[in-house]
Amino acid sequence: MTPLVGYLLVAALLFAIGLAGALTRRNAILVLIGIELMLNAANLNLIAFWRYGPHPELLTGMMFAIFSIAVAAAEAAVGLGLVISIHRHAHTTDLDAMNRMKG
Amino acid sequence: MSFVFYILAALTLAGALAAVLLKNTVHCALALTVAFAGLAFLFLQLDAQFAGFAQVLVYIGAVAILVVFAILLTRGSETPKDGVYSRNWLAGLVIAAGVFAALGWAVLQSVPGLPHETAAPQVSVLQIGNALMTRYVLPLEIVAVLLTLALIGAVIVAMHQKVEAQ
Amino acid sequence: MSATLDQIFVLLQHWLVSFLPAVLQPFVSVLLGVVVIIGLFPALFAFAVWMERKGLGRIQNRLGPNRVGPFGLLQPIADGIKSLTKEDIVPLSADVVVHFLAPLVLVVAVFMGFAVLPMGRNMVLVDMDAGLLFYFAMGASTELSIFMAGWSSRNKYSLLGAMRAVAQMISYEVPLLMSSVAVVMIAGTLSLTKIVAAQNSYSGVFPHWYIFTPWGLAGFLMYVVSSMAETNRSPFDLPEGESELVAGYFTEYSGFKFALFFLGEYLAMFSISGLGTVLFLGGWSAPFSFLTWVPSWIWFFSKLMMSISVFIWIRGTLPRLRQDQLMNFAWKFVLPMTLLNLFVAALWRFLGEGWERWVICSVILLLAYVVLGRTGMREGKFGPRRYRYAE
Chain A
1 MTPLVGYLLV
11 AALLFAIGLA
21 GALTRRNAIL
31 VLIGIELMLN
41 AANLNLIAFW
51 RYGPHPELLT
61 GMMFAIFSIA
71 VAAAEAAVGL
81 GLVISIHRHA
91 HTTDLDAMNR
101 MKG
Chain B
104 MSFVFYILAA
114 LTLAGALAAV
124 LLKNTVHCAL
134 ALTVAFAGLA
144 FLFLQLDAQF
154 AGFAQVLVYI
164 GAVAILVVFA
174 ILLTRGSETP
184 KDGVYSRNWL
194 AGLVIAAGVF
204 AALGWAVLQS
214 VPGLPHETAA
224 PQVSVLQIGN
234 ALMTRYVLPL
244 EIVAVLLTLA
254 LIGAVIVAMH
264 QKVEAQ
Chain C
270 MSATLDQIFV
280 LLQHWLVSFL
290 PAVLQPFVSV
300 LLGVVVIIGL
310 FPALFAFAVW
320 MERKGLGRIQ
330 NRLGPNRVGP
340 FGLLQPIADG
350 IKSLTKEDIV
360 PLSADVVVHF
370 LAPLVLVVAV
380 FMGFAVLPMG
390 RNMVLVDMDA
400 GLLFYFAMGA
410 STELSIFMAG
420 WSSRNKYSLL
430 GAMRAVAQMI
440 SYEVPLLMSS
450 VAVVMIAGTL
460 SLTKIVAAQN
470 SYSGVFPHWY
480 IFTPWGLAGF
490 LMYVVSSMAE
500 TNRSPFDLPE
510 GESELVAGYF
520 TEYSGFKFAL
530 FFLGEYLAMF
540 SISGLGTVLF
550 LGGWSAPFSF
560 LTWVPSWIWF
570 FSKLMMSISV
580 FIWIRGTLPR
590 LRQDQLMNFA
600 WKFVLPMTLL
610 NLFVAALWRF
620 LGEGWERWVI
630 CSVILLLAYV
640 VLGRTGMREG
650 KFGPRRYRYA
660 E
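In order, the protein sequences belong to chains A, B and C.
The first sequence begins at 1 in the numbering used here and counts up by one.
The second sequence begins at 104 in the numbering used here and counts up by one.
The third sequence begins at 270 in the numbering used here and counts up by one.
Check each hint, because a few of them may be wrong.
Said to hold, decoys possible - One-sided excerpt, in silico: chain B residues whose CB lies under 7 Å from chain C: (1) F108; (2) I110; (3) L125; (4) V129; (5) F156; (6) I163; (7) I168; (8) V171; (9) Q225; (10) Q230; (11) P242; (12) L252; (13) A253.
Keep in mind the hints are simulated off the structure, nothing from the lab.
For every residue, glycine included, the Cβ atom is placed at its ideal position computed from N, Cα and C.
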């Protein structure tokens, strides 16, 4: 097994774990945690491809990962802000209980 | 495949599993940081020092703290009575398993075409900086605008409504 | 002679390592460095505690410790033995695993920061290309350990202290980073050894330290303020304000774990002073060109101890801030000033040599200080508390 396959499999498993978390948990914050895990799995893929790809000196994969980290930070900030605002409004973070469009 | 890789992969996956499975929300957040740390080590293992340190700085230093704050502000550390899993958890699990099967199949199918062990690329921070300022300057500026907007947006969304003067 | 004395620790390390087979040599030389750091800084910690108690005593017109040893010098050892032999109490409702891990994570993360600090010529454990980034990454990980300590204790004072500490550390980490980025912009590198090397030259007898430039001085002052807040030192010691929160996030810790927190706090102070020394005060370089014969590590450690004395002096002098003042100060004064400082540093870089850049940069910074600091405070925009009643 080449190293790249190992990294790709770990990333795939991480992505699946994140997806399972995002789809099965009730708490909105844990759904966000699952999404973060999925983003991280994508980052691992990018860095692995950068490392074992044909042109590492162009830094494409690494740059993509760095930008993705920055975007993930923005996503977390806005997502958690939304969760807090919803909690203030509906007094719950349970996604199953949020089944109305009207406040 | 080195021994270190297996340890780090196991650490990362264990952290991720714990983050998804544990009952107590704060424990989930702490397990998430373990997964982040494992990923940072994996980045270092891939000779991506800069990305690894950025990972620690952003994810452990900021995102994990944000998550923890959000949990405490929403009283999320109390375990709910009616279970922590959603009603249609089975469907979610099946979808996730399907996605993993598809991804794993795709990876294993393409094994013959994948590149083998290559020499570690020597990347200095100077090169990264130069690349950010020349080739990737437009994405950099867009990310800067995005982060500013996210900062303002998050504050506005989460801000208390102004209480009328007493 | 002076060159040998300067490199004595490096030579000693090479000499010790040379007895071993070649395979083990790189590993053992790193290990030796780690052992020295782990041994040296706790010893400095004991000395700093004694210095702090004596200094505070002097400031408050009392004697300070004077019972154990000459001038009470052995007091830290007695304290250490006491904390080791004390019972280790874990609250019944505490989250045992997290409660146990918190002090360990803190001390490990703080120790990691020392790995990239150059403590003398060629005296750095790992000369990393992204050293500053590594340092801040490790500094960011300490916040989580503080949260772990506060949350796992299941005590409202602990939790409140931890939340205060984390909020404060996050708020002041931004200006801390920003004021360091100005140095990075001028030096053109993230490697701490290269930052020191960039400052290690002289015009006449005076050194080219970054503190002796307008942006460097402003950056240094902002760095000092943020580092005090970052290490939860007075006047920013709200997270452990005795009169409000018992002892803050480590209220429920006793015995050796409490000692670990105490150690972690002082080590954080050492490492952040060390970083400040490296960034603004020329690291291990001598203050005058005719003093370069003095070994470089003496300069580094004397600058470090000077910074610690300033920390103690300020603790003895200033009253504690209020939470809203603390936050307003960080976001409305220090952060805009550091951002402006970045701009000024860029100006400094592109205005070229000559006296004009001194005038222009100083005027911009002074104007900003007057507008933001003086006028803003007097107009009452940042100062007084806005009461918000329970809804």
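So, going through the hints one by one against the coordinates:
{"no.": "1", "hint": "F108", "in the structure": "20 Å, violated"}
{"no.": "2", "hint": "I110", "in the structure": "18 Å, violated"}
{"no.": "3", "hint": "L125", "in the structure": "12 Å, violated"}
{"no.": "4", "hint": "V129", "in the structure": "6 Å, holds"}
{"no.": "5", "hint": "F156", "in the structure": "4 Å, holds"}
{"no.": "6", "hint": "I163", "in the structure": "5 Å, holds"}
{"no.": "7", "hint": "I168", "in the structure": "6 Å, holds"}
{"no.": "8", "hint": "V171", "in the structure": "6 Å, holds"}
{"no.": "9", "hint": "Q225", "in the structure": "10 Å, violated"}
{"no.": "10", "hint": "Q230", "in the structure": "10 Å, violated"}
{"no.": "11", "hint": "P242", "in the structure": "20 Å, violated"}
{"no.": "12", "hint": "L252", "in the structure": "17 Å, violated"}
{"no.": "13", "hint": "A253", "in the structure": "15 Å, violated"}
The structure shown violates the earlier hints numbered 1, 2, 3, 9, 10, 11, 12 and 13.
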